[in-house]
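Visitor: All chains, please: the whole structure from these sequences, using the hints.
So for the sequence shown, this note's numbering puts the first residue at 279; every next one is plus one.
Note that these hints are calculated values from the structure, not bench results.
The beta carbon of each residue, even a glycine, is placed where N, CA and C say it ideally should be.
Hints may be right or wrong, so weigh each one.
Label pairs and their calculated CB-CB ranges [stated by the list, open to error]: (1) ALA295 x ALA329: 35 to 45 Å; (2) GLY322 x SER354: 20 to 30 Å; (3) VAL310 x ALA331: 18 to 28 Å; (4) ALA289 x GLY322: 46 to 56 Å; (5) THR323 x GLY352: 31 to 41 Å; (6) ALA328 x ALA358: 43 to 53 Å.
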Amino acid sequence: MRMVTGRVAPALSGMIAGIASSTLQVSTSLSVAIIGGIFYTTLGTRQDPAAIAHAFIVALLSISVFLAVGAALGISLARAGAAHTSMRAAARPGFGPERERP
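Guide: Shown next, in the form of structure tokens:
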């Protein structure tokens, strides 16, 4: 959340926090629906324990793939934001890591 709200003007931080909160709620609902759909599509009409275990494993593997993709996207966004911030600081003399501290 801080990564998102820290990139906007303080006057807009409340609006951005609300958008981020709404996005989290919608994404949670969608993820439950998608993973449930994967589980029940894999399960089909079978009700035996082996079929349920197989559908559960497929659903867990799907969650793992989605988490890995989300982590990769988060890391790439964080790196892009850090590069953008360092380029912006380098363009302004007196700002950034090379600045002398009092």
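Visitor: All hints are to be evaluated individually against the structure, with a verdict given for each.
Guide: Going through the hints against the structure:
1. Separated by about 44 Å at the C-beta atoms, ALA295 and ALA329 satisfy the suggested range of 35 to 45 Å.
2. Checked against the given bound of 20 to 30 Å, the beta carbons of GLY322 and SER354, roughly 37 Å apart, lie outside it.
3. Taking the beta carbon of each, VAL310 and ALA331 are about 20 Å apart, inside 18 to 28 Å as hinted.
4. The supplied range of 46 to 56 Å is met by ALA289 and GLY322, whose beta-carbon atoms lie about 53 Å from each other.
5. Look at THR323 against GLY352: about 38 Å separates their beta carbons, and that is inside 31 to 41 Å.
6. Taking the beta carbon of each, ALA328 and ALA358 are about 45 Å apart, inside 43 to 53 Å as hinted.
When each numbered hint is compared with the structure, a violation occurs for hint 2 only.
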